[in-house]
Amino acid sequence: MTTTRGTPAVHGAVSPAKAQLLPVAWDGDAPFPGRWVGGVSLVVAPLLLGAGVLLRLPFHFFFPEQLAARVEHPGLVAVSYGAFAAGTVLLWPGLAVLAVRIGRRSPGTALWGGVLAMLGLFARTFHAGVDHLAFQFADRQGAEAAARFVGETYGAFHVFSALNAAIMGGWLLLAAGAWRAHVLGPVRASALAATAALPLGVLKGTTPLSVAAVAGLCLALVPLGIAVLRNGPAPGRATALRWTVAVTAVLALMTLVGRAG
1 MTTTRGTPAV HGAVSPAKAQ LLPVAWDGDA PFPGRWVGGV SLVVAPLLLG AGVLLRLPFH
61 FFFPEQLAAR VEHPGLVAVS YGAFAAGTVL LWPGLAVLAV RIGRRSPGTA LWGGVLAMLG
121 LFARTFHAGV DHLAFQFADR QGAEAAARFV GETYGAFHVF SALNAAIMGG WLLLAAGAWR
181 AHVLGPVRAS ALAATAALPL GVLKGTTPLS VAAVAGLCLA LVPLGIAVLR NGPAPGRATA
241 LRWTVAVTAV LALMTLVGRA G
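First residue of the sequence shown: 1, per this note's numbering; consecutive thereafter.
Derived by calculation from the structure, the hints in this document are not laboratory data. Because the structure is a prediction, the values reported are computed rather than measured. From the three backbone atoms N, C-alpha and C, an ideal C-beta is built for every residue, glycine too. Heads up, some of the hints might be wrong.
[Said to hold, decoys possible] Quick list of the computed label-pair ranges, beta carbon to beta carbon:
1) His73 <-> Leu111: 25 to 31 Å
2) Ala162 <-> Leu209: 20 to 26 Å
3) Pro208 <-> His73: 18 to 24 Å
4) Leu209 <-> His73: 21 to 27 Å
Please model the complete structure; the sequences and the hints are all you need to start from.
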């Protein structure tokens, strides 16, 4: 048995019409992560990264001042670093959709750019974990003691140290591939390449370069995400409401379970 496109039918698969309305599959870009998850990622993740960068703008770039800011403005710093970490994690579906689109005309660039950029997200997530631990230290022992500890251990080797170059190289390859494959025009491809300039490592504050980098990421990816979401029928209100309630409930449950250890 085959589908109308001549590809093998899968028993129990979601019908094409239904797949376009549900965030489970979409054959326009990739069956995984799909149109809705990928499109939302492309829109929301860069905005979260931008919010995280801008919220820590008043504080000096280096880690002693970041730790002092945590003690003096705990809520603001927590939201800033939390938004940045969430944006980092949520960006992977959008990267997958972008790499698939690039791969139609430039498969090699899409492969290595996508792999390196994804590895870079893993490295930034590791940095976020170290940031969290350092902030807990500052909350309990004070900013000066936390700064001494971070300073003494800053250069300690970890397996994720090898991925620092991937953080920068992946964006440059994806930008070149997006321009060659006509996924992005020259201006937006250049903006995507600017993401490579976003500072990396533990307890990094904001510089003008950081603002330019996240602005380039937003310029490159947010319009692409909107285009992905619009490339197909919109779900009805009942369907959207059901999925919103389901996702919210699952996230709340996961948060409670995570807090319980």
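Here is how each hint holds up against the structure:
Taking the beta carbon of each, histidine 73 and leucine 111 are about 43 Å apart, not inside 25 to 31 Å as hinted. Alanine 162 and leucine 209 have their C-beta atoms about 24 Å apart, which keeps the hinted 20 to 26 Å range intact. In this structure the supplied range 18 to 24 Å holds for proline 208 paired with histidine 73, their Cβ-Cβ distance being about 21 Å. The hinted range of 21 to 27 Å is satisfied by leucine 209 and histidine 73, whose Cβ atoms lie roughly 23 Å apart.
In terms of the numbered hints stated before, the structure departs from hint 1 and from no other.
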